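Asker: Residue numbers (our numbering), protein chains in the order written: chain A, 1 to 285; chain B, 1001 to 1237.
The hints are simulated quantities; they were obtained by calculation from the structure and are not laboratory data.
Please read all numbers here as calculations on a predicted model, not as lab measurements.
Built from N, CA and C at the ideal position, the CB exists for glycine as well.
There could be a bad hint or two in this list.
[Stated by the list, open to error] Straight line, CA to CA, 30 Å or less: simulated DSS-like cross-link-like pairs of lysine-lysine:
id : chain 1 : residue 1 : chain 2 : residue 2
1  : A       : 177       : B       : 1149
2  : B       : 1003      : A       : 242
3  : A       : 142       : B       : 1149
4  : B       : 1149      : A       : 234
[Stated by the list, open to error] Footprint (simulated), chain A over chain B, 3 or more residues, beta carbon under 8 Å:
id : segment
5  : 1007-1020
6  : 1118-1131
7  : 1144-1154
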Amino acid sequence: MIIGNKNISNIKSFALSQIGASHKDYEICEDYSGSYQDDIMSIVCVADGHGDSRCVRANIGSQIAVEVGIQAVREFISNQPNIDLKDTKETDKAFVQLKSYILYKWLEKIKEHLDYNPLKDDERRLMDIEMQEEYERDGTIKYFPLLYGSTFILACVTNGFYFALQLGDGDVVLRTKKAYIFPMPEDERCVGNFTTSLCNADAIDSFRHFYEKGSPRALFVCTDGLKNSFAESKFLFLFLEKVGENVLESGEVKAVNDLSVFLDTLSEMGSRDDISIGAIIDIGE
Amino acid sequence: MGKYDNVEGIARRTMILFFLIDTSNSMSGTKIGEVNDAIEGVIPEIKEISASNADALIKIACLTFSTGIKWMYPNPVDVNDFKWSYVNAGGMTEMGKAFEVLNEKLSRNEFMAEVAGSYAPAIFLLSDGAPTDEYKEAIDKLKKNNWFKYALKAAVAIGDDADKEMLATFTGDDELVLTAHSPEALRKVIRFVSVTASKIGSKSSVSTQTNNAKQDDFAEQITEFNSDLIDSQNDNW
Chain A
1 MIIGNKNISN IKSFALSQIG ASHKDYEICE DYSGSYQDDI MSIVCVADGH GDSRCVRANI
61 GSQIAVEVGI QAVREFISNQ PNIDLKDTKE TDKAFVQLKS YILYKWLEKI KEHLDYNPLK
121 DDERRLMDIE MQEEYERDGT IKYFPLLYGS TFILACVTNG FYFALQLGDG DVVLRTKKAY
181 IFPMPEDERC VGNFTTSLCN ADAIDSFRHF YEKGSPRALF VCTDGLKNSF AESKFLFLFL
241 EKVGENVLES GEVKAVNDLS VFLDTLSEMG SRDDISIGAI IDIGE
Chain B
1001 MGKYDNVEGI ARRTMILFFL IDTSNSMSGT KIGEVNDAIE GVIPEIKEIS ASNADALIKI
1061 ACLTFSTGIK WMYPNPVDVN DFKWSYVNAG GMTEMGKAFE VLNEKLSRNE FMAEVAGSYA
1121 PAIFLLSDGA PTDEYKEAID KLKKNNWFKY ALKAAVAIGD DADKEMLATF TGDDELVLTA
1181 HSPEALRKVI RFVSVTASKI GSKSSVSTQT NNAKQDDFAE QITEFNSDLI DSQNDNW
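In isolation and in its complexed conformation, chain B is listed as follows (with noise of 0.2 Å):
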């Protein structure tokens, strides 16, 4: 027998995808019906590219916001083992504590904890409105975390009564701020950002301090699939 017959704990690296979810009143209805569906429909993707992507296993973890904050499951999930519940809308726009919290999980002693080395992660900011409380000094703590600056960031700015100025602000680029005008452009971008994500978050592509290629491959895909998206829409909210 060989000495290495039973070493225990090998794994896979992993990729966490963020959803960060306004449930706030605002959303109530139609769009937050839209982001049920549309993530529990892309779920099965995002297995599919875990599943034949040998580099990374993709785990999901979700944070809901609205009068104080709420995560789906007390840490990121297998997406293989990912079940999606459905959130309801009511309530205020507390994202400056989206923002704390986030900036508490983005941390080696939190989600990023997993030894087999974590991928920088995707977070995905969904959103009608604007905060409702406090954010910009979370905000700019959060900036400061090395987890987020080299994460893949996307926002959707769902309707024009979205903060669009904030949300840049938090991808740190205004092409990253995609608006669905309508429940079927909402559905398409969920899709479009949930893919995109979990297949360049989840590859390997060892990058230097000075060059981030997944997030300008990142950057790319988004601002091409924006530009189409922007000359099919009618305002349908």
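Isolated chain A, as found in the complex (with noise of 0.2 Å):
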């Protein structure tokens, strides 16, 4: 099956984020979040900047990462108009193209950003002892993608097909004819409050992507702090299922307005962290 890009005028997209109440005192909202759509294409994508104190500007890393991924994205579906979904093989390089591609962007972008932005004074405070030391003897640091460390979750739907990328903790969630599902590939490195990030080295090892033919219902990209506050996943769909039916009955714009005042009293009453959620919903003829 040949997937052509075609119009997906039925589809609603939308992203946010909330500051965590844990985060409130020092006023840095460490998740970011974006969204593109026209009419071939729909992006949303999410990224959780790193509390870890060496990562002084996850706050900036999580927003390149939101930035240059849905300008991957948007490059990708535009040069690879034709995708043959059966033929595994070739479709699998193109994602580990995609990756590679989004790590390099990021990368490059953190670079640039450091060198226009040498590190504040009040940053270096941040940094425990071995960076400051390193940062004042060599007036950078070897290691400096810690510094913007994040994750990463982008979902998109195009016609014909859907795909989702993810590095590190977070989920994507999936809403089929039937049910809702974690359909990303689990990260056995994810474990409590560790998470993989775009600043390992290892990166790419553990860049995870799944892709799909047809439409789903919905799809949505969450940061940790979403799944984190609901006691069961059933709670969590429960939930998102609200998020579409609010988009559905309300239209979007006051579907996000109400969305974004509940995920204040959601993080203050469940994980405390950052909230982030991106979704893409068919909202029907």
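Please assemble the complex out of the two chains, which come individually in their own frames, going by the hints.
Answerer: Take a look at the structure:
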């Protein structure tokens, strides 16, 4: 089956981030999110900058990750109008190239950011002693990606197929005709509050993807602050069902507004972490 | 009425504090009595930590091992609902079996199944002797378990007959093995480790694979406490 680019007019998409209850004291949301939609593709992306003391620019790292990811996928879809999903070898190869390209661009952009924005005193004070000493001695940090450490999750629906990419913790949730599922293969290195990251030297090995032909009822990407706010998966799925219903009943603008208000409460009562959600929803004919 | 007025199942994250307690025959008498009293006595403090810490709810799991193993409760219990059941001593020291079942429970299909993200657990091993069963294969498997790798771990050697080398293999650092030479010291160690592990383990602190700020912080506090403990102890078992 050859998939081509056609119109996806029934799709609505949005993404938003809400600062976590435990992050309000220092007023920095380390999550970032973004979305893009045109006539042939819908993309949502979220990223969660690490709270590790050495990741002093994690909020910038997550922003760059989202921007780079969306741009890379736009180019990917535009440059490959016909993808033969039956040829799994070639399809997987294309996804490996896409993931490598995202990592390359993320590293390029954070290096550029660091070059134009040397570390300030208050940022240096936040780093551990060894990194402070390295910066004072060498004027740079050899392992600079750690400063910008972030996870990355992106989903895309284009006519005839959909896919998601993920590096680190957080979730991709797919609503099929029958049920809600987690379609992404698990990363066994994401345990407790430990996560793999764009900043890992072996990041490409942890960069996961899945793809499927057809069109989902809904596809969500969420940073870990969302799932960590619910006692069981079924409650997360019930919540996401409400998100979808609200888009259908109230329209996209009100749905996003309602969600933003509720995520503040959810973080307070649940994970206390930043929460980001990207949603691609098929609103039907 | 708002769309999200009745969202169900909102929960805090959880952190499980594991007690692994040697209840072999050599623990009989004062030793097991102190362990019972000290753990029962520290539960109200852990309740307070759990109540005042909005980051995570603390749950407790207790495994005793002698000739065979036994979980005090089939699943980890919210510290607010946890009631200590006095444990008795007698039998062999089947620590290898304890490592084996701990490894089984440190899984998303078992104790770490809560979707409201489980923090890496804190695991506290108490023993006065050496394993009487084959334990090496079990501990090798346990050390490959990711939940165990990222857990806060400490052990207390009760008296000089405890196999400290094996306890250090368990914790991964001999600085995290504390020796209690007296009932008073044992009580202090149990209180300090339980409270410190609960405080640090249940706080939000996202770390990458290359840095475990919680383990570093925990090790620092245990090491400092241990040096004070060594200075103040006389052998009194």
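Asker: With reference to the structure, classify each hint as holding or not holding.
Answerer: Okay, the hints, checked on the actual structure:
no. : hint             : result
1   : A/177 <-> B/1149 : 39 Å, violated
2   : B/1003 <-> A/242 : 7 Å, holds
3   : A/142 <-> B/1149 : 27 Å, holds
4   : B/1149 <-> A/234 : 29 Å, holds
5   : 1007-1020        : holds (count 7)
6   : 1118-1131        : holds (count 4)
7   : 1144-1154        : holds (count 4)
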